[in-house]
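Student: Here is how the chains run, residue by residue.
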Amino acid sequence: MIAVDNLSIRQGDFLLEGVSLELSDGEYGVLMGRSGCGKTTVLEAICGLRPIIGGRILLGGRDVSVLPPAERGIGYVPQDGALFPDMPVWEQLAFSMLIRKMPKSQVEARVRELAKDLGITHLLERLPVGLSGGERQRVALGRALAVKPRFLCMDEPLSALDEDILEEICELFTQTIKKENVTALHITHSKAEAARLGDTLFHLVGGQLQKVGPNEE
Amino acid sequence: MSGAEDNYRVSSDRPFLLVLAVLGGSYLFLIVAMVVADLIFLDYRDRPVFGPEIVEASRYPGDASGVKITLESSRRYYYQGGRNELGFRMGGNLIKKDGVFDAVEEEVLLVSETPEGAVTASFRPEVRVVDIQLHEGVATLRMDLPHGLLWGEFIRVRDSGSEFWDGVHEITDTTQDELSFVVGEQSKIVNALSLSRPNPLIQALRSRDIQFSIKLSLVSCTVTTLLSLWVAIPIGYLMSRFTFRGKAFVDTLLDIPVVLPPLVVGLSLLILFRYVPDWLSDAVVYKWPAVVLAQFMVACAFAVRTMRVTFDQIPHRYEQVALTLGCNRQQAFWRVVLPQARGGVLAAGTLAWARALGEFGPILVFAGATRQKTEVLPTSAFLELQAGRTEGMLAVSLIMIATAALVFVVARTFGMKRIFS
Chain A
277 MIAVDNLSIR QGDFLLEGVS LELSDGEYGV LMGRSGCGKT TVLEAICGLR PIIGGRILLG
337 GRDVSVLPPA ERGIGYVPQD GALFPDMPVW EQLAFSMLIR KMPKSQVEAR VRELAKDLGI
397 THLLERLPVG LSGGERQRVA LGRALAVKPR FLCMDEPLSA LDEDILEEIC ELFTQTIKKE
457 NVTALHITHS KAEAARLGDT LFHLVGGQLQ KVGPNEE
Chain B
844 MSGAEDNYRV SSDRPFLLVL AVLGGSYLFL IVAMVVADLI FLDYRDRPVF GPEIVEASRY
904 PGDASGVKIT LESSRRYYYQ GGRNELGFRM GGNLIKKDGV FDAVEEEVLL VSETPEGAVT
964 ASFRPEVRVV DIQLHEGVAT LRMDLPHGLL WGEFIRVRDS GSEFWDGVHE ITDTTQDELS
1024 FVVGEQSKIV NALSLSRPNP LIQALRSRDI QFSIKLSLVS CTVTTLLSLW VAIPIGYLMS
1084 RFTFRGKAFV DTLLDIPVVL PPLVVGLSLL ILFRYVPDWL SDAVVYKWPA VVLAQFMVAC
1144 AFAVRTMRVT FDQIPHRYEQ VALTLGCNRQ QAFWRVVLPQ ARGGVLAAGT LAWARALGEF
1204 GPILVFAGAT RQKTEVLPTS AFLELQAGRT EGMLAVSLIM IATAALVFVV ARTFGMKRIF
1264 S
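Protein chains in written order, with the working numbering: chain A, 277 to 493; chain B, 844 to 1264.
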């Protein structure tokens, strides 16, 4: 469960107050809003990358408001993928497991499993430079999911993709996320994307978060 | 169809591009010309050893007859015209050019430009070896004229039976018309025919003082570079990633060594070391650590600037991702940020190294200019100039140019391409 309770965040002169949001386990939430309305700020606060000045963040019932990002057990897929420029794909996937000093056999098995699920086995030895937009986002998703976090935050992961591969990647994302059984929060400004992906829709307008309700197609 | 666009014309881009090319080109030309001038100015040939001046101080007569100079025919002389001379007349020719010539007559005539002016030209005879004695590996040459060479200078000798010079020898002892040097085991000198001085580059490279200064320069610059990076990477990272009270003030402080005259840096260090314990002051001031410290104070400021810019150009996003993947800040720094800053580290290191190599003022004040002790390459150049040996100074400069070029080539091969291309 991801629960945000009466959150206040300040970013420069911009103040976001009284933001509340709740996602039950396994739910795929989509947060919508115009560019510059503070979607990313909310997401970063949940991941622990931005200090909050009021309210609480609960992940699976645990108050993580002041925990460092590493201890929140949350995967993060930033807008442009932000793949580490000088690591081959397999090392990006293995990164979080190597940090935790997991046994080598386990790391290898997990990397292979993720690569297969995401269809990037043939890219494992490559560096990020030269990967296509879709390939980058698959690697970024795999990297975020490697240690099997229970929560996943995605910041416009699909907005830079070409229209013709969007369908395929959307399908892949939803499948993988369901398979990994994570509670996901996805932000986007595209209504089409929101309609295609989410179980629950939220709308951030004028600093106020509104639940639009379950997504009914 | 025919609207306002038909009559609208944009003036050509050519003048603008031409101005850019001229401005940029003139600077490039100066850079290349400067280095090339150094390279071609230096006379790489051996030069003969010349004896004392033979022109006596006098004045030109009021008529156009000139001044007679008595020479020894079949000896070589070095002629240098002064400000009153047109040249000298020998065998019916008027010779105007400075340089070495073979005397074919017993008498030459100096021709003046202004009658009744002072005689300012100079003739110096080539010194000849008249005797050689070999005694326990030491050769002692006797010359027919005072040679003017000093202890520690280098000469070449050529055997009368040989076409080739017999190595370079360091003079170990001199009197007015004698000089001695140690002969190596392979040397086959039996009777030396002629003597010459090798070019300034060889003189410089063979000099023990300059060999020491090359070594000290290489070692001190490398130590300075490592120290600078050791400090510049943390400062650059802190200044790029964190905001704190008084940051603008710290930023200004970091620039002080860049804007301060280098000489003042040396003086300030010297004064600072009056306030430290004696043992520390004794270990540093006027010793080699002072060289490193003086270089470090200036070079590090440049390294800090470079690292700051490098870290500024790496988006925070990578660290943020690394943090969510389980890193703490230290792990994120080592595993994600620093590998990306590799190019910047190399650039900062090279810059610091080059700055350190050229540092002179603060070293002179804080470490002194003691031969074999605190002498670095710029100091050598300065000492050569002080001794009136412009060519020696030039030789040292060429050594510095070569060293700097070598370091840049090495740094580039190790991955500077990312910065320069």
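Hint data in this document are derived by calculation from the structure and do not stem from the laboratory. Cβ coordinates follow ideal geometry from the N, Cα and C atoms, glycine included. One or more of the hints may lead you astray.
Claimed, not checked - FRET-style restraints, in silico, Cβ to Cβ:
id, chain 1, residue 1, chain 2, residue 2, range
1, A, Ile329, B, Leu1123, 48 to 56 Å
2, A, Glu443, B, Arg1160, 23 to 31 Å
3, B, Val1107, A, Met378, 54 to 62 Å
4, B, Arg1160, A, Val342, 36 to 44 Å
5, A, Ile329, B, Val878, 53 to 61 Å
6, B, Arg1160, A, Arg310, 40 to 48 Å
7, B, Leu1181, A, Asp281, 51 to 59 Å
Student: If you check the beta carbons of Glu443 (chain A) and Arg1160 (chain B), does the distance land in 23 to 31 Å?
Tutor: holds, 27 Å
Student: Does the hinted range 51 to 59 Å hold for Leu1181 (chain B) and Asp281 (chain A) at CB?
Tutor: About 38 Å separates the Cβ atoms of Leu1181 (chain B) and Asp281 (chain A), which means 51 to 59 Å is violated.
Student: Quick one: are Arg1160 (chain B) and Arg310 (chain A) within 40 to 48 Å, going by C-beta?
Tutor: violated, 22 Å
Student: Looking only at beta-carbon atoms, does the pair Val1107 (chain B), Met378 (chain A) fall within the given range of 54 to 62 Å?
Tutor: Between Val1107 (chain B) and Met378 (chain A), where Cβ atoms are some 56 Å apart, the hint holds.
Student: State, for the Cβ atoms of Ile329 (chain A) and Leu1123 (chain B), whether the hinted interval 48 to 56 Å holds or is violated.
Tutor: Distance hint for Ile329 (chain A), Leu1123 (chain B) holds at roughly 49 Å.
Student: Take a look at whether the Cβ-Cβ distance between Ile329 (chain A) and Val878 (chain B) falls inside 53 to 61 Å.
Tutor: This hint holds: roughly 60 Å between Cβ atoms.
Student: Has the hinted range 36 to 44 Å been met by the Cβ atoms of Arg1160 (chain B) and Val342 (chain A)?
Tutor: With Cβ atoms ~22 Å apart, the hint is violated.
When held up to the earlier numbered hints, the structure conflicts with 4, 6, 7 and fits the remainder.
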